[in-house]
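Number of protein chains: 2
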Amino acid sequence: MKRIIVAAAVLAATSAGLATAQQPKPEDEIRYRQSVMNVVGRAMGPMGAMAQGKAPFNAAVVQKNSALIDSLMGLHWNSFGPGTDKGAPNKADPRIWKEAAKFKQAVETGQKAVATLADVSKSGDEAKFKAAFGEVGKACKGCHDDFRTKEFHD
Amino acid sequence: MKRIIVAAAVLAATSAGLATAQQPKPEDEIRYRQSVMNVVGRAMGPMGAMAQGKAPFNAAVVQKNSALIDSLMGLHWNSFGPGTDKGAPNKADPRIWKEAAKFKQAVETGQKAVATLADVSKSGDEAKFKAAFGEVGKACKGCHDDFRTKEFHD
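Keeping their order, the protein sequence lines are chains D and E.
Each residue of the first sequence is one higher than the one before, counting from 179 in our numbering.
Each residue of the second sequence is one higher than the one before, counting from 179 in our numbering.
Heads up, some of the hints might be wrong.
Which copy is meant is left open, so a pair is good if it fits within one copy or across any two.
Pairs of lysine-lysine, DSS-like flavour, derived with a Cα cap of 27 Å [what the hints assert, rightly or not]:
(1) Lys-203 x Lys-306
(2) Lys-290 x Lys-242
(3) Lys-232 x Lys-203
(4) Lys-300 x Lys-328
(5) Lys-203 x Lys-242
(6) Lys-264 x Lys-306
(7) Lys-269 x Lys-203
(8) Lys-280 x Lys-264
(9) Lys-319 x Lys-290
(10) Lys-290 x Lys-276
(11) Lys-280 x Lys-232
(12) Lys-290 x Lys-306
(13) Lys-328 x Lys-203
(14) Lys-242 x Lys-276
(15) Lys-300 x Lys-264
In short, the hints are calculated from the structure, not lab data.
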């Protein structure tokens, strides 16, 4: 058993691109932030189509995807630490570090909007979903407008 | 409200790198698979340290991280569709498509091991966690040995 546990742990550390005792490198932090956002974006897609009326409302998908986004939204904010503004191509705006309090507030607005979406999605009510999804979109856009650059930079 | 919903939907489509009605491009599928695995790997890290005795057992972290991995493990398998073997640097082995039934079995073994880990983690029992984590490690390693190349290829 011990050998299996060690193998699993080594695998975990390798998969994450970091040794368990080390601070993640800036490029790993950037990649992680982008990975979380990529998974969030994919989960948003079908809900966006439903909100626009381009796909029929599917309460089960809405519930599953909003719960997933809710569990992801808290993960990557800790990966905007000092020194993670460069190290790999990314779109993080320098204002993230210059206006840290404002960034934190934008993050919290997003987290709250997503938590509300996940909560109302349990009801299976389409109108409530659309309203909550709209608020998530506003929060996403607000944060991206202020803290995401248009082009990638190193 | 309608304008907000449209903005949110456009944002969702943009974030995911795909228009809602389109089939994702191979490079988007590859990026998505890698993103999911990156988030899984990061969640595995602290549990690996605990399994190895390098960090104290923390039942709350184990429960949270194993639930997250459980919700992620089903997401990316659909992104190994035909034609997604190339399009961006990746480590997918051609055997994924040549030995599709074996790959599917390996995937299911991994999903079951992760579901068990998430389940036993609710108990807060360290020994059960270690046993289940070992099985997850075995499943990860088995699939990676057979279906992941050592180096990136285009």
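Here is how each hint holds up against the structure:
Neither within a single protomer nor between protomers do Lys-203 and Lys-306 lie at most 27 Å apart by alpha-carbon distance, with minima of 41 Å and 32 Å respectively. For a Cα distance limit of 27 Å, the shortest separation of Lys-290 from Lys-242 qualifies both inside one copy, at 17 Å, and across copies, at 19 Å. Proximity of Lys-232 to Lys-203 under the C-alpha cut-off of 27 Å is restricted to the inter-copy arrangement: shortest distance 20 Å between copies versus 41 Å within a copy. For the homomeric pair Lys-300 and Lys-328, neither the shortest alpha-carbon distance inside one copy (35 Å) nor that between copies (43 Å) is at most 27 Å.
When the C-alpha separation of Lys-203 and Lys-242 is checked against a cutoff of 27 Å, the pair qualifies only between copies, where the shortest distance is 24 Å, while the shortest distance within a copy is 32 Å. For the identical chains of this complex, Lys-264 and Lys-306 are neighbours neither inside a copy (40 Å) nor across copies (41 Å), given an alpha-carbon limit of 27 Å. Taking CA atoms no more than 27 Å apart as the test, Lys-269 paired with Lys-203 passes in both settings, with 17 Å inside one copy and 22 Å between copies. For the homomeric pair Lys-280 and Lys-264, the shortest alpha-carbon distance inside one copy (20 Å) is at most 27 Å, but the shortest distance between copies (41 Å) is not.
Proximity of Lys-319 and Lys-290 under a CA criterion of 27 Å is satisfied intra-copy only: 15 Å inside one chain copy versus 37 Å between copies. For the identical chains of this complex, Lys-290 and Lys-276 are intra-copy neighbours only, at 23 Å inside a copy versus 45 Å across copies, given an alpha-carbon limit of 27 Å. For the homomeric pair Lys-280 and Lys-232, neither the shortest alpha-carbon distance inside one copy (35 Å) nor that between copies (37 Å) is at most 27 Å. In this assembly of identical chains, the alpha carbons of Lys-290 and Lys-306 lie at most 27 Å apart only when taken from the same copy (15 Å versus 34 Å across copies).
Both within a single protomer and between protomers do Lys-328 and Lys-203 lie at most 27 Å apart by alpha-carbon distance, with minima of 24 Å and 22 Å respectively. For a Cα distance limit of 27 Å, the shortest separation of Lys-242 from Lys-276 qualifies neither inside one copy, at 36 Å, nor across copies, at 32 Å. For the homomeric pair Lys-300 and Lys-264, neither the shortest alpha-carbon distance inside one copy (40 Å) nor that between copies (39 Å) is at most 27 Å.
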